[in-house]
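Protein chains in written order, with the working numbering: chain H, 1 to 115; chain E, 1 to 114.
Derived from the structure by calculation, the hints contain no laboratory data. The structure displayed is predicted, hence computed values, not measured ones. Every residue, glycine too, gets a C-beta built ideally from N, C-alpha and C. A hint or two may mislead.
Computed Cβ-Cβ distance ranges for the label pairs, DEER-style [as the list claims (entries may be wrong)]:
# : chain 1 : residue 1 : chain 2 : residue 2 : range
1 : H       : 5         : E       : 53        : 29 to 35 Å
2 : H       : 27        : E       : 50        : 34 to 40 Å
3 : H       : 84        : E       : 40        : 35 to 41 Å
4 : H       : 12        : E       : 28        : 39 to 45 Å
5 : E       : 14        : H       : 28        : 20 to 26 Å
6 : H       : 84        : E       : 9         : 25 to 31 Å
7 : E       : 81        : H       : 96        : 32 to 38 Å
8 : E       : 40        : H       : 98        : 40 to 46 Å
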Amino acid sequence: DARVTQTPRHKVTEMGQEVTMRCQPILGHNTVFWYRQTMMQGLELLAYFRNRAPLDDSGMPKDRFSAEMPDATLATLKIQPSEPRDSAVYFCASGLHSGGIYGYTFGSGTRLTVV
Amino acid sequence: SQQGEEDPQALSIQEGENATMNCSYKTSINNLQWYRQNSGRGLVHLILIRSNEREKHSGRLRVTLDTSKKSSSLLITASRAADTASYFCATDEKGGGSNYKLTFGKGTLLTVNP
Numbered sequence: 001d002a003r004v005t006q007t008p009r010h011k012v013t014e015m016g017q018e019v020t021m022r023c024q025p026i027l028g029h030n031t032v033f034w035y036r037q038t039m040m041q042g043l044e045l046l047a048y049f050r051n052r053a054p055l056d057d058s059g060m061p062k063d064r065f066s067a068e069m070p071d072a073t074l075a076t077l078k079i080q081p082s083e084p085r086d087s088a089v090y091f092c093a094s095g096l097h098s099g100g101i102y103g104y105t106f107g108s109g110t111r112l113t114v115v
Numbered sequence: 001s002q003q004g005e006e007d008p009q010a011l012s013i014q015e016g017e018n019a020t021m022n023c024s025y026k027t028s029i030n031n032l033q034w035y036r037q038n039s040g041r042g043l044v045h046l047i048l049i050r051s052n053e054r055e056k057h058s059g060r061l062r063v064t065l066d067t068s069k070k071s072s073s074l075l076i077t078a079s080r081a082a083d084t085a086s087y088f089c090a091t092d093e094k095g096g097g098s099n100y101k102l103t104f105g106k107g108t109l110l111t112v113n114p
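Let's have the full structure, built from the sequences with the hints guiding it.
So this is what it looks like as structure tokens:
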């Protein structure tokens with residue numbers, strides 16, 4: 001089965017450090033989402049891309065978060081500088097948005113702990 | 001911001017019983033999807049229902065959609081202990097321009113007791 005691959009699976013970092021999370025979407029998928037999941041806020045949409053173009057990143061704190069898709073096989077989410085409140089599980093999902101008939105495939109997530 | 005709201009937040013049933021979860025949303029949608037998440041894992045897509053559909057089945061899953069009430073329900077029949085998980089509804093809603101984005105509710109935690 002095709003998979004969405006996220007790296008790293010776990011990351012512990014000190015406050016103020018830069019964190020980069022990577023996502024390899026499924027080949028042929030034209031849409032990539034980044035979500036953050038916490039107990040308090042649930043699943044928050046941070047940013048998404050269609051055909052590599054950023055469509056909406058209004059869910060991201062712009063001063064410290066950035067999302068890019070340098071090519072069709074890689075999406076990145078960067079936090080600089082990181083803060084303890086950024087501790088969460090970050091999920092990437094990819095799918096083919098064509099007539100709204102397909103669901104999305106999620107990666108296993110990156111569990112980020114900022115101390 | 002969350003679009004869908006699931007109800008109940010938690011549900012505990014015995015194996016073999018049916019489980020029903022509800023979802024309400026606020027804006028126009030292209031489709032509504034249900035996902036399952038086992039503890040510590042990623043989300044798994046279960047079923048998608050388009051805005052012009054009213055009911056859909058997949059195995060032991062039955063989904064209904066009422067666009068006039070902006071609500072959906074997920075029924076799992078003959079539940080098994082392996083169905084224990086959190087269930088999320090997600091709406092494919094219109095974002096800026098003609099773009100659609102997928103937003104999630106906070107989920108229903110289903111526990112199926114053997």
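Lying within 35 to 41 Å: is that true of the beta-carbon distance residue 84 of chain H to residue 40 of chain E?
Violated: the Cβ-Cβ distance is about 21 Å, outside 35 to 41 Å.
Within 20 to 26 Å or not, the Cβ separation of residue 14 of chain E and residue 28 of chain H?
Between residue 14 of chain E and residue 28 of chain H, where Cβ atoms are some 42 Å apart, the hint is violated.
For the range 25 to 31 Å, tell me whether the beta carbons of residue 84 of chain H and residue 9 of chain E fit it or not.
holds (27 Å)
Residue 27 of chain H paired with residue 50 of chain E, Cβ distance criterion 34 to 40 Å
violated (25 Å)
For the range 39 to 45 Å, tell me whether the beta carbons of residue 12 of chain H and residue 28 of chain E fit it or not.
holds (42 Å)
Cβ-Cβ distance between residue 81 of chain E and residue 96 of chain H: within 32 to 38 Å?
Given range 32 to 38 Å: holds, Cβ gap about 33 Å.
Cβ separation of residue 5 of chain H and residue 53 of chain E, checked against the hinted range 29 to 35 Å
Holds, since residue 5 of chain H and residue 53 of chain E (Cβ atoms, about 32 Å apart) stay within the stated range.
Status of the given 40 to 46 Å range, CB of residue 98 of chain H versus CB of residue 40 of chain E:
Between residue 40 of chain E and residue 98 of chain H, where Cβ atoms are some 32 Å apart, the hint is violated.
In summary, the structure is inconsistent with hints 2, 3, 5 and 8 from the numbered list given earlier, while agreeing with the others.
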